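Note that the protein sequences, when read in sequence, are chains A and B.
Heads up: the first sequence is residues 439 to 849, going by the working numbering.
Heads up: the second sequence is residues 439 to 849, going by the working numbering.
In short, the hints are calculated from the structure, not lab data.
Bear in mind the structure is a predicted one, so any value in this text is a computation, not a measurement.
Treat the hints with care, since some could be wrong.
[Claimed, not checked] Covered stretches of chain A, going by a simulated chain B footprint (3 or more residues, C-beta under 8 Å):
1) 494–503
2) 529–535
3) 560–570
4) 747–759
5) 780–786
6) 789–801
7) 829–839
[To be verified] In silico negatives: residues of chain B with every beta carbon more than 12 Å from chain A:
8) Leu446
9) Thr659
10) Tyr810
Just so it is clear, CB atoms sit at the ideal spot from N, CA and C, and this is done for glycine as well.
Protein chains: 2
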Amino acid sequence: MAHPVSPLAPKSYPELAAIAGVSFATAEAGIKYKNRTDVLLVSFEPGTTVAGVLTRSKCSSAAVDWCRKNLSAGTARALVVNSGNANAFTGVKGRESVRLTADIAAKAVGCAPSEIFLASTGVIGEPLDAGKFAGVLDQMATRLADAPWMEPARAIMTTDTFPKLAGATAEIDGVTVSISGIAKGSGMIAPDMATMLSFVFTDAPLAAPVLQALLARHVKTSFNAITVDSDTSTSDTLLAFATGKADGIEPITDIADPRAEIVGAALADVLFDLAIQVVRDGEGATKQVTVTVEGAVSDESAFRIAKSIADSPLVKTAIAGEDANWGRVVMAVGKAGEPADRDKLSIRFGDILVARDGERAGSYDEAATSAYMRGEELELTVGLGLGEGRATVYTCDLTHGYITINGDYRS
Amino acid sequence: MAHPVSPLAPKSYPELAAIAGVSFATAEAGIKYKNRTDVLLVSFEPGTTVAGVLTRSKCSSAAVDWCRKNLSAGTARALVVNSGNANAFTGVKGRESVRLTADIAAKAVGCAPSEIFLASTGVIGEPLDAGKFAGVLDQMATRLADAPWMEPARAIMTTDTFPKLAGATAEIDGVTVSISGIAKGSGMIAPDMATMLSFVFTDAPLAAPVLQALLARHVKTSFNAITVDSDTSTSDTLLAFATGKADGIEPITDIADPRAEIVGAALADVLFDLAIQVVRDGEGATKQVTVTVEGAVSDESAFRIAKSIADSPLVKTAIAGEDANWGRVVMAVGKAGEPADRDKLSIRFGDILVARDGERAGSYDEAATSAYMRGEELELTVGLGLGEGRATVYTCDLTHGYITINGDYRS
Numbered sequence: 439m440a441h442p443v444s445p446l447a448p449k450s451y452p453e454l455a456a457i458a459g460v461s462f463a464t465a466e467a468g469i470k471y472k473n474r475t476d477v478l479l480v481s482f483e484p485g486t487t488v489a490g491v492l493t494r495s496k497c498s499s500a501a502v503d504w505c506r507k508n509l510s511a512g513t514a515r516a517l518v519v520n521s522g523n524a525n526a527f528t529g530v531k532g533r534e535s536v537r538l539t540a541d542i543a544a545k546a547v548g549c550a551p552s553e554i555f556l557a558s559t560g561v562i563g564e565p566l567d568a569g570k571f572a573g574v575l576d577q578m579a580t581r582l583a584d585a586p587w588m589e590p591a592r593a594i595m596t597t598d599t600f601p602k603l604a605g606a607t608a609e610i611d612g613v614t615v616s617i618s619g620i621a622k623g624s625g626m627i628a629p630d631m632a633t634m635l636s637f638v639f640t641d642a643p644l645a646a647p648v649l650q651a652l653l654a655r656h657v658k659t660s661f662n663a664i665t666v667d668s669d670t671s672t673s674d675t676l677l678a679f680a681t682g683k684a685d686g687i688e689p690i691t692d693i694a695d696p697r698a699e700i701v702g703a704a705l706a707d708v709l710f711d712l713a714i715q716v717v718r719d720g721e722g723a724t725k726q727v728t729v730t731v732e733g734a735v736s737d738e739s740a741f742r743i744a745k746s747i748a749d750s751p752l753v754k755t756a757i758a759g760e761d762a763n764w765g766r767v768v769m770a771v772g773k774a775g776e777p778a779d780r781d782k783l784s785i786r787f788g789d790i791l792v793a794r795d796g797e798r799a800g801s802y803d804e805a806a807t808s809a810y811m812r813g814e815e816l817e818l819t820v821g822l823g824l825g826e827g828r829a830t831v832y833t834c835d836l837t838h839g840y841i842t843i844n845g846d847y848r849s
Numbered sequence: 439m440a441h442p443v444s445p446l447a448p449k450s451y452p453e454l455a456a457i458a459g460v461s462f463a464t465a466e467a468g469i470k471y472k473n474r475t476d477v478l479l480v481s482f483e484p485g486t487t488v489a490g491v492l493t494r495s496k497c498s499s500a501a502v503d504w505c506r507k508n509l510s511a512g513t514a515r516a517l518v519v520n521s522g523n524a525n526a527f528t529g530v531k532g533r534e535s536v537r538l539t540a541d542i543a544a545k546a547v548g549c550a551p552s553e554i555f556l557a558s559t560g561v562i563g564e565p566l567d568a569g570k571f572a573g574v575l576d577q578m579a580t581r582l583a584d585a586p587w588m589e590p591a592r593a594i595m596t597t598d599t600f601p602k603l604a605g606a607t608a609e610i611d612g613v614t615v616s617i618s619g620i621a622k623g624s625g626m627i628a629p630d631m632a633t634m635l636s637f638v639f640t641d642a643p644l645a646a647p648v649l650q651a652l653l654a655r656h657v658k659t660s661f662n663a664i665t666v667d668s669d670t671s672t673s674d675t676l677l678a679f680a681t682g683k684a685d686g687i688e689p690i691t692d693i694a695d696p697r698a699e700i701v702g703a704a705l706a707d708v709l710f711d712l713a714i715q716v717v718r719d720g721e722g723a724t725k726q727v728t729v730t731v732e733g734a735v736s737d738e739s740a741f742r743i744a745k746s747i748a749d750s751p752l753v754k755t756a757i758a759g760e761d762a763n764w765g766r767v768v769m770a771v772g773k774a775g776e777p778a779d780r781d782k783l784s785i786r787f788g789d790i791l792v793a794r795d796g797e798r799a800g801s802y803d804e805a806a807t808s809a810y811m812r813g814e815e816l817e818l819t820v821g822l823g824l825g826e827g828r829a830t831v832y833t834c835d836l837t838h839g840y841i842t843i844n845g846d847y848r849s
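Excised from the complex, chain A in its bound form (with noise of 0.2 Å):
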């Protein structure tokens, strides 16, 4: 917490709509953090929908287990969130913990354990000792708001050096309805999600599996989309919930219904907003990298092949000097193990043309190019000339602040 601030961070904040039916409240357990809130409660009245999409890691936290198992029910009463310390391979001290945790917060706010949502995140492998929520927990109950959004925001900070807010509106039925979202993370992110935890909130009336359909959707082209370091956490979680307190909507039961598309749209801007921050926090970052593949045989070898770019510390490096270093996006691109010619491949930097059909293309402009490089938001290219695959991954160059921060995380 007591990095620099990323160049990066946005200039200021949204004020996200309050959502009717939810309501939260921060404290400070003094898990690891001091002089800050590092838990998180915030309450759905019944009747609330959840969705949500969990880490791949074969070794997922406590957290992410109780999540997966009680996500199939679809209904949501409350979410508990703290950061400092991920309850990650904790063993069977980390499932009684959030058992404990469960049981507290059901008392606190009045509902069955299995209603409760967790997330923690932090340190790996420090156990939890979830008898700091006890008092704390009761509480926050009796202090409940629907604003600011900020302080949920602050309260799930770990290494990151801005909160990250977005919110978004979409009308239905004549009525409009608001979805406002938060995020944390900064590093181990990589798509697949990484120590990377996003709620967000509507209060239009989605049946649960049709707010999952569009989670899981949208989820592909935001927070499946960002790399920062390619390493992927044990804690990732993203939940959705939707409170149906919109009033005079009819709900929505079907995912063909053309309602779920146009809230999907507002979903969808949230989802990217948020996932943009979580790049532009990225640890280090001083450049956010825009890597779009097209002309690939499929989108989803397009997918690769950009990940590959997005992730590679020879690219982030270059990109962090300012070098329009387009022999290391060759490799990369080789080293996909996806279909590529490279005697068919052109590269842009932004609108400029640096290399085509194999080689340096006649009309490149080194002045111009390092130019271009000085920029704070770049886009890289890749034309593969093969199909209409296509596909884009955004990323963070590699600085001394990644090493930095990283170098002397846990001590």
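Fit chain B to the known structure of chain A by using the hints.
Showing chain B alone in chain A's frame:
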């Protein structure tokens, strides 16, 4: 080349044996570097066999394509290596440059161009002017010698901070045969070899298919078991040459010949020694790390998990910070996508058990572990408890030095 010498550099260099039938010269062709040799010509007597393992990059360099085409014939009369320019991603010009260089070399040593083997290393994407070799190779051919091996080892360096040499001998039919090898490589190093060049020479009489079989077998546990930064180069080349000039040995024409195994063991020693030197010269490296995974469902699965750990930026920065952050090791196991059971995992740093059965070991001693982490050579062992699969991958830590070297290389 201005970077400080790796703290892991050897304290002294071996005096490699001259190999009957092999002679060489180096020169300053001024391809990129000033005041240092950057071209190597190695000449072989007629009858020399050759075998090779080349990059799997889909964007391999023109020189790699050339070698691949000519390896099938199995005979070699000369090897030309240049440093400073990889002649990769240089399109038609690159192919012409390779053809021209082979022509020049073939005239200089008196053989067919198809018997010339080529390797280039350095910047990708810059055209290589073969004209620079014209007078140089002719002149080099007039002053070939069989010692000292330090000269070719130095001529092929790029960001390497020390030359890499290794030798071994074996006795077959009562005769001592020698193997002398050199390598270069420092960054863009990952299994499947990366910007890694290595050339190994022996006077043993090995038929080309036998040499190829031995090379393929022993590259798995040497050059293909190392990683510096997970990046794989377009130019990886490992070539082995056997002159057969050791007196009084019948040719070894069958891999089942017991003498093949004897020479193979010596070859394995040389390859392993060179591969470890590459890791120890990893860009910015301050520690050598041996990652062993055991108890996996198969050797292949163990290898993929070991590589996931060895490639993880978070594991590597933790090691740089002398932090036994086994939580990050768990993360890297989990992200590998291979079968793993969190609650059966055990992790050791050296002989110190830090985690077992999915949680911190009861015996864990922070002070002892910290003391161990201050060492220069670290061993990290993960037990999965699932089967008999086992693999080891060798890597180094990730430090500010890596960022400094790669953030400003091309320009």
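Right, here's what the structure says about each hint:
1. 494–503: holds (count 5)
2. 529–535: n = 4 at 8 Å, threshold three: holds.
3. 560–570: holds (count 5)
4. 747–759: With 8 residues close enough to chain B, the hint holds.
5. 780–786: holds (count 3)
6. 789–801: holds (count 5)
7. 829–839: holds (count 3)
8. Leu446: holds, 18 Å
9. Thr659: About 21 Å separates Thr659/B from the closest Cβ of chain A, which puts it past 12 Å; holds.
10. Tyr810: holds, 14 Å
Comparing the model with each numbered hint stated earlier shows that all of them hold.
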